[in-house]
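Trainee: Next come the chains, spelled out residue by residue.
Number of protein chains: 6
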Amino acid sequence: MTDQLDLDPEIRDALLRVGTAVLASQLLKRGFRNVFIAGLRPANPHCARMVGPAYTLRFIPMREDLAASGSVANPAHPQRSAIEQMPSGHVLVIDALGQTHSGGLGDILVARLMQRGAAGVVSDGAMRDSSELGALNLPVFCKSFAAPPSFARMMAADNGRPIGCGGVAVFPGDIIAADADGVVVIPRHLAAEVARDGAEQERVERFARKQIDRGASIVGVYPPNEATMADYRRWVDAGEDDKAL
Amino acid sequence: MTDQLDLDPEIRDALLRVGTAVLASQLLKRGFRNVFIAGLRPANPHCARMVGPAYTLRFIPMREDLAASGSVANPAHPQRSAIEQMPSGHVLVIDALGQTHSGGLGDILVARLMQRGAAGVVSDGAMRDSSELGALNLPVFCKSFAAPPSFARMMAADNGRPIGCGGVAVFPGDIIAADADGVVVIPRHLAAEVARDGAEQERVERFARKQIDRGASIVGVYPPNEATMADYRRWVDAGEDDKAL
Amino acid sequence: MTDQLDLDPEIRDALLRVGTAVLASQLLKRGFRNVFIAGLRPANPHCARMVGPAYTLRFIPMREDLAASGSVANPAHPQRSAIEQMPSGHVLVIDALGQTHSGGLGDILVARLMQRGAAGVVSDGAMRDSSELGALNLPVFCKSFAAPPSFARMMAADNGRPIGCGGVAVFPGDIIAADADGVVVIPRHLAAEVARDGAEQERVERFARKQIDRGASIVGVYPPNEATMADYRRWVDAGEDDKAL
Amino acid sequence: MTDQLDLDPEIRDALLRVGTAVLASQLLKRGFRNVFIAGLRPANPHCARMVGPAYTLRFIPMREDLAASGSVANPAHPQRSAIEQMPSGHVLVIDALGQTHSGGLGDILVARLMQRGAAGVVSDGAMRDSSELGALNLPVFCKSFAAPPSFARMMAADNGRPIGCGGVAVFPGDIIAADADGVVVIPRHLAAEVARDGAEQERVERFARKQIDRGASIVGVYPPNEATMADYRRWVDAGEDDKAL
Amino acid sequence: MTDQLDLDPEIRDALLRVGTAVLASQLLKRGFRNVFIAGLRPANPHCARMVGPAYTLRFIPMREDLAASGSVANPAHPQRSAIEQMPSGHVLVIDALGQTHSGGLGDILVARLMQRGAAGVVSDGAMRDSSELGALNLPVFCKSFAAPPSFARMMAADNGRPIGCGGVAVFPGDIIAADADGVVVIPRHLAAEVARDGAEQERVERFARKQIDRGASIVGVYPPNEATMADYRRWVDAGEDDKAL
Amino acid sequence: MTDQLDLDPEIRDALLRVGTAVLASQLLKRGFRNVFIAGLRPANPHCARMVGPAYTLRFIPMREDLAASGSVANPAHPQRSAIEQMPSGHVLVIDALGQTHSGGLGDILVARLMQRGAAGVVSDGAMRDSSELGALNLPVFCKSFAAPPSFARMMAADNGRPIGCGGVAVFPGDIIAADADGVVVIPRHLAAEVARDGAEQERVERFARKQIDRGASIVGVYPPNEATMADYRRWVDAGEDDKAL
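Residue numbers (numbering that gives the first Met the number 0), protein chains in the order written: chain A, 0 to 244; chain B, 0 to 244; chain C, 0 to 244; chain D, 0 to 244; chain E, 0 to 244; chain F, 0 to 244.
FYI, nobody ran anything at the bench for these hints, they're computed from the structure. Just so you know, nobody snuck in bad clues.
Where chain F lies over chain D, by a calculated footprint (3+ residues, C-beta under 8 Å):
#1 71-79
#2 94-107
#3 123-130
#4 135-149
Heads up, the beta-carbon is just placed ideally off N, CA and C, and yes, glycines get one too.
Please work from the sequences and hints to get the whole structure.
Mentor: Structural data, given as structure tokens:
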């Protein structure tokens, strides 16, 4: 299944090679100070790196007469339709109100997302079935785990709309990138340039780290002055970086 | 302007005579534990009592390239269209993300809402122009006041959709009732019965308070046992309550 | 009704003449850093000053099958028995879990406490019936107001036991003192000496303030050095303080 | 040592085979929305699963003249008597005020609990001696670790009384169940039926997950419609589930 | 006493005529999103408007062996030297760690600041002596009131250094402006242009509000389109605004 | 490089053999209740134990015109000068305002600190480059990880000054000790006596734990009564403790 909000595979691959620390730096250079969803941890540290366009799911607080377990039997229920309709390669981003008293998704729904080609899941709240999720090879980021089902505390309101997730705006199609440092939201139209400039910044930082590990001071090296940049370019031209990888 | 979500004037008037403490009790008897938007205060304590159907406005966190002051010049901007499209008699209920670093509305927009017949405004965040708002005769409930405009920290996402406000679910058309104790959200289909039973509970409590003020113990009086209820009915039949009001 | 935890009327009157700022200073000199219940406000600013021994009431979180409105009809229910059993002159101190989604007491119960000679009420949560409470001449301190009854979110567990209130330990019989600055808990065995030394500190501070208002620097005056203390004693001996009161 | 609040070993074993996610679902079906103690983590992830009746210990905030290290030498001190009096097979549940600046128990007391046959320990605050606790085979759930002893910030008030732990009511004898998702509190009188229905729900979910892993959509499968339930019963009758375990 | 960080009286007077809501808007137009110290309230609502350069005082958490009452007898103590050294016309801005368990200043020190010509006081924590402060004619903004002296919880570290106050950077000499909406920090070099453009914005908003009060829609009026601006300029040229003031 | 705030190597080695739980107990005996920086976790659990004098770095909130990436190119920038000037053997302690939306240091700066002989790093905020830091053999304690660079949310203000870190006062030269339980701040003048008495307490606790593991009750054993202390001294004299280590 494809989608107009899909991500060019070349950009995706380029972004996958850049860490979120560098991506956040690139966005900050462009004036974006609020792109990091703080407080999340990878449920599967062994597979935390992911990149994909956002598909959004929004919860509101529970109301007792509506938040019943039966409601999820309806395929049109926003939580359930998100599972079956999210395009392949996308990341499900959940506004779970930041609450950790009930879990947004459990292992069965996440396993289904995996079958459908999801790139990952992000929630600013909790997830269920910690052990089972930990055995899946799908990147999942959340605040913590909780035993109760989502409707103990919240109700799915809609999907495919702009949301806030952990205090960060997420529009459908924004590019989500994550690794061990956490989750960064890249405005869709900046994905290509951030991928390109981020790759270069990663290389400069590898060079700087190499100098530091050899005993250099940070002065002139990080951030690099002109002399260091000249050394860097020679290093790149000599293909030293490729040997290091 | 009228609306299919309007509130029957008789129910509105009945609800206006019942305090939110009693309304919340009536809802609790029906199993609703999460209907009170905690932490809000009346901006105009002299006119805090209000009742009306909810018209919703939803904010998401700010993104620097989108949250510009120019954006509100577009009449389709959700914050601005809410001001001009909310039906008369309704209460504007704002999901302001609970944040108090920028204000959802200032005195010009609130003055316009007043002109358009609004019943009141509720926000789980801050408002601007404290002094000017305090001089208006429109009930406004918010957490605090803030000088910066809304787009310093958030962006209007849409209106007319289900929202969370201060941790409580609010659907368009739910009935909002407020007084000095704060703001209660009544599920729309329960408005009539809550108004009816609330009026009776208010009367029973007036009778109980009268007994207490005369030196009675609460035992058997509050909550009332059968003997007290018999006394109460005699008191009502004798028209004593009407004299007290 | 009297009680072994009653407070000597002379000490009570002495404490009523000392502000909480001075009482907290006296306790700090004795090594007590955690005697102030932060975050509370007087519900009746016109009658905020109170002193009396603590009578405690403890809440725990609500459980749906137990927190029913019917339960309070039983006179043995801890919230209700507190109302009828608290000795005259005492202050009801409520551990309301610091939560503000439901109110610990409403106007009927507070009116009954007044009838029974209560010195005041302190809660680290919310109260109900803001308007009615505001019309009573009983000091009440709480965090805020809330419309729902207590059992929407919590259940009374017991009374007469040591509790925490707003992060401060309160033992039955500890002396509670309050004014516009808030609520201070005085360990029972220190009441007499704190009253005595507090009265003297109040007088020294009145003298210092007088000097400041005449243009003196704080150096040597506040805190006072020996010369200032000599001036102070002359001022006291001359009866100047009595004229000022 | 036995106790009238002991748990039938058959029910305990049945509960041990059901995850907390399913137990919380079963409780939610019965109207209980607040049974999960959020924010806790297993100190010993290798042995996180536990079931047993609650034995409660309650702390209040520290007061400098009472919270001295000497006080714990008295065997009647509530923290110490809890250690020596808790019946075998029980879970020590601590109301530590949710604070993480001092630790409720260290390795010596926990080692003693283990010797005495404790089923586990739960605190809504911190514990001490992270490394030593991590080497014990006793399930311990807490918010975090802290170096200072408990009386740096709190004092044991009593044990064997109803408490709040992380915002959840816990009565002595309630059944505590925990696994990697966290800690669930089961009202004592519901333990048997929740164990029975939970076992069945676990089996239905295993079947659903099997279908999902084979590529089925969630529609009709999770939650299961009648056709799926018919398939499920055939699968059970054929003994397929037993092969899977 | 004068100071190189003094504020040009003309700019001060101009700023005093512009509300903080407009000042925050002007700063946002220049890219500053974090200039408002949220959560503060005027201790003296009758005299809340103030403008002056910041003089900073920084607290750190208390340590028992250093935070003794005797320490403030030393005139070099940072809290005390701030009182006697702050230049006339300045605003004392206190980093009180945002804590409300002890008060930064009481009435004697504030009275001395008044004598010395202070323009006002801002703290992101609590103050003491609510009643006495309320009787002074000096603008004071704080989060709440607390009875204990500052050294119950914190110690003055230094003054005259950059600080954070309520999450906002404050450099000595930055211009502090406040009114009923709260406190705004204006980077020193922007004071003149913000005063000038703010005055104009205030006038445009007065005009807009006038139109709204006459029944105009906000469309084209707020924000004003070109036609409205033409009307506005005619109104200004006709001197109508001066009549309105 | 040496420094007048260096720590006597014998005291350092002694402190390294005492756990933070015991160090905090020793400080509590001396009246210090607020020496533990709560909420931090070791970034490198495999090398969490560290001891060294504090070298402080203080951040304030970001201001858009000053918090630019270019500013760190200046070697006098406080964050950068801290890296190059901190004496060998010291611990860098960062007041990061407790915020976790941007990271104080990344792997390049930490690698440089390692080269310069740092004993460790402590921040009450986040760090960057989780994976790379995790591969270094330097103890680092922080609240969490964040991708954005520090200046996305804060600015370095100065170093070498008293700070608050996680609510605890830290003076340059105070001794920082850490292990799996977290970070303790030891007032510099108490380091020697705390090391000495802590070593003895560790030994007593090893003896107590030994008794507990053999089935002894805690009564009389922990805390030890005179009989237990006599046994303890025999055990020490017999050299049993040395065999156990």
